[in-house]
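Student: Okay, here's what each chain looks like letter by letter:
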Amino acid sequence: MSRSEIFSRIESICQTIFGECTVITEKTAATDLEKWDSMTHVTLIASIEREFGVTFDIMEIIGISSIGDFVDCVQAKQA
Amino acid sequence: MNSIAKHIGSNLYEFYDSISQICGLETDKQKHWSVSKNASGYWPRLVYQVDQNIIVPDVSSTFSEKVKSGQLPELLIAGDENIRQIDPFLRQQGFYPFTAWKGMVLSNLQNLTPQELPDAIEIVKPESVSELEQWLKIVNTELVSPLRMEESLLKSLTALPEFDAYLMQKDGIGVSTILVFESTESTGLYLIATEKSAQKQGFASLLVHHILSQLAQKSKKPVILHATQSGEPMYLKFGFQPINQFFLYRYLKSNI
Numbered sequence: 042m043s044r045s046e047i048f049s050r051i052e053s054i055c056q057t058i059f060g061e062c063t064v065i066t067e068k069t070a071a072t073d074l075e076k077w078d079s080m081t082h083v084t085l086i087a088s089i090e091r092e093f094g095v096t097f098d099i100m101e102i103i104g105i106s107s108i109g110d111f112v113d114c115v116q117a118k119q120a
Numbered sequence: 698m699n700s701i702a703k704h705i706g707s708n709l710y711e712f713y714d715s716i717s718q719i720c721g722l723e724t725d726k727q728k729h730w731s732v733s734k735n736a737s738g739y740w741p742r743l744v745y746q747v748d749q750n751i752i753v754p755d756v757s758s759t760f761s762e763k764v765k766s767g768q769l770p771e772l773l774i775a776g777d778e779n780i781r782q783i784d785p786f787l788r789q790q791g792f793y794p795f796t797a798w799k800g801m802v803l804s805n806l807q808n809l810t811p812q813e814l815p816d817a818i819e820i821v822k823p824e825s826v827s828e829l830e831q832w833l834k835i836v837n838t839e840l841v842s843p844l845r846m847e848e849s850l851l852k853s854l855t856a857l858p859e860f861d862a863y864l865m866q867k868d869g870i871g872v873s874t875i876l877v878f879e880s881t882e883s884t885g886l887y888l889i890a891t892e893k894s895a896q897k898q899g900f901a902s903l904l905v906h907h908i909l910s911q912l913a914q915k916s917k918k919p920v921i922l923h924a925t926q927s928g929e930p931m932y933l934k935f936g937f938q939p940i941n942q943f944f945l946y947r948y949l950k951s952n953i
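Chains Z and G, in that order, give the protein sequences. 66 is the number that this note's numbering gives to position 25 of the first sequence; each next residue is one higher, with no gaps. 840 is the number that this note's numbering gives to position 143 of the second sequence; each next residue is one higher, with no gaps.
I should point out that these hints are in silico values taken from the structure, not numbers from a laboratory. Each residue gets a CB set at the ideal place from its N, CA and C atoms; glycine is no exception.
Which chain G residues face chain Z? A few, computed with CB under 7 Å, are given here:
#1 Asp784
#2 Tyr793
#3 Pro794
#4 Phe795
#5 Thr796
#6 Ala797
#7 Arg947
#8 Leu949
Calculated lysine-lysine pairs in the BS3-like style (CA-CA distance at most 27 Å, straight line):
#9 Z:Lys76 / G:Lys834
#10 Z:Lys76 / G:Lys950
#11 Z:Lys76 / G:Lys897
#12 G:Lys867 / G:Lys893
#13 Z:Lys76 / G:Lys734
#14 Z:Lys68 / G:Lys893
#15 G:Lys893 / Z:Lys76
#16 G:Lys897 / Z:Lys68
Here are the simulated distance ranges between beta carbons:
#17 G:Lys822 / Z:Gln119: 52 to 60 Å
#18 G:Pro858 / Z:Lys118: 49 to 57 Å
#19 G:Thr810 / Z:Gln119: 52 to 60 Å
#20 G:Ser758 / Z:Arg91: 24 to 32 Å
#21 G:Gln938 / Z:Ser45: 41 to 49 Å
#22 G:Pro858 / Z:Gln119: 53 to 61 Å
#23 G:Pro811 / Z:Arg91: 50 to 58 Å
#24 Z:Glu61 / G:Ala856: 49 to 57 Å
#25 G:Lys822 / Z:Ser53: 50 to 58 Å
#26 Z:Arg91 / G:Gly936: 42 to 50 Å
#27 G:Lys728 / Z:Asp110: 32 to 40 Å
For reference, chain G alone in the conformation it holds in the complex (with noise of 0.2 Å):
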């Protein structure tokens, strides 16, 4: 189970660090924690692997350091190792918890059949002008509000091997989001995201059905999430088994 958990959180490390790099967004990247910056307001714009070392004296002084000079994003993600130690620490530096995803993995995909789609929904790579500002505008409104993912980001994301972003429209409009993520051992699906109108529809379902029965064909490797609460149901009806936990911080910047 440790091994899973391990590459639940290495997926999701490895997608921002690609992320950075690719797009050569602004990072640094320390032992015991990570920093993905982009300018002021657009996505992403977070601290993540944050680990249980963080609260080591050497550490935590260069820490806390960089976070008195603003030099740390507002947003910070942290494992489930020890949390209860780190917690602590993070509240101490002006970090607030509001949010987990539960990590969470589909081992075997070979039970899963594909499913027709009905005749008004297409699923998309989105690659034309309209498609790439539909998929935009459900995870900008979705999903990283207030923050914003620029196109040339998504352009560059999709030009590359390991990255797939789908579309699901129906009748040419879109309503479902996805960003597949190949690292070397496990598929992450990121940015599940549905418009707010056409929410509580099965579109989403419909959309991970789909991409899944994709993976069903082509590897075996495991299938990694990072579910937020209202989320997990539905992925807990294909098979995913909730594993490990990640929690989302934000900045607070004045002493209230």
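So here's chain Z without its partners, still in its complex pose (with noise of 0.2 Å):
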């Protein structure tokens, strides 16, 4: 899966949970919207995790901080 695909169904369910006119980008941080709260945060780990069907570490849970990092952490259990 390329990587504007990854970034695609990532932005879809941001916007299910930020709201749907919330504008998405790779830079987007947790300090970038107020409704990114911890549990937003969880919620989106929950959901990416079934979207994709891959588990993050903990590690990279914690060192997660933008839509980028997220995309990354997904991008590199596929490959």
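Using the supplied hints, reconstruct the complex from the two chains, each of which is provided in its own coordinate frame.
Tutor: The structure is reproduced here in structure tokens:
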């Protein structure tokens, strides 16, 4: 799966969680979105794991701070 | 190094134990985890001191029952010992990791030179209504949101010799907070926060420096803290060394 396909599926998950009108880029970070708190963070993790059928390692999870980091993690698992 | 790591953990656990006992919060102390509960919406409300034996069948089944019956709060702290074995179990229970604190220690305070505070800056122990409100506003907005620390809890804590709260004010307005907790073997720094509009101006650093200078006069105990990723660089500058990690989990109620 290409990086842009991964991003597109993650973008769709984000819009379900943060709202359809939320602009998401790979650079979007937790500090950019008021709604991105610890609860939405764990919801994102669980949703992305389920969408791609992967499980993130705990060390990967604590290093994730932006959408691009999620894309990196999924891509690394599919390589 | 192991005994230092133990101090960092035990200071944290004693901190929550003390808060729970002193303030009459409902607690559930088990051998391998402890729960500190408050009224819904109030801080603290968490499970802490989760250790590796959480995965032992007898222990894990009791823990699972409590999760299923809704008896455990939504926040959980697990130490880093065997975290890769504990993590899958916690996830099965519905707890997901979202961040980590770095356990840090400063063993030698002696080289710290006291700094003079600029004219507009004052450091006070919050006692008046206004000071208590300022301290709580910063902590509630910057640290424990969406939960809330009650004024009665802060007053109970500061009445005790092992807790010292400090508020840094600029022109009489609260900008930074800290809560110092003395355990038998170490001094812990907690709830270090800066009001949003005052961030990145060095207030927290000045406050921590002041507190460390004071501690250097009266104690030789190691100073410990649990740093967020963004706070770590500041503590490294003071000479704190990273030793271990604590992982924070949130309970994910719905099955996404």
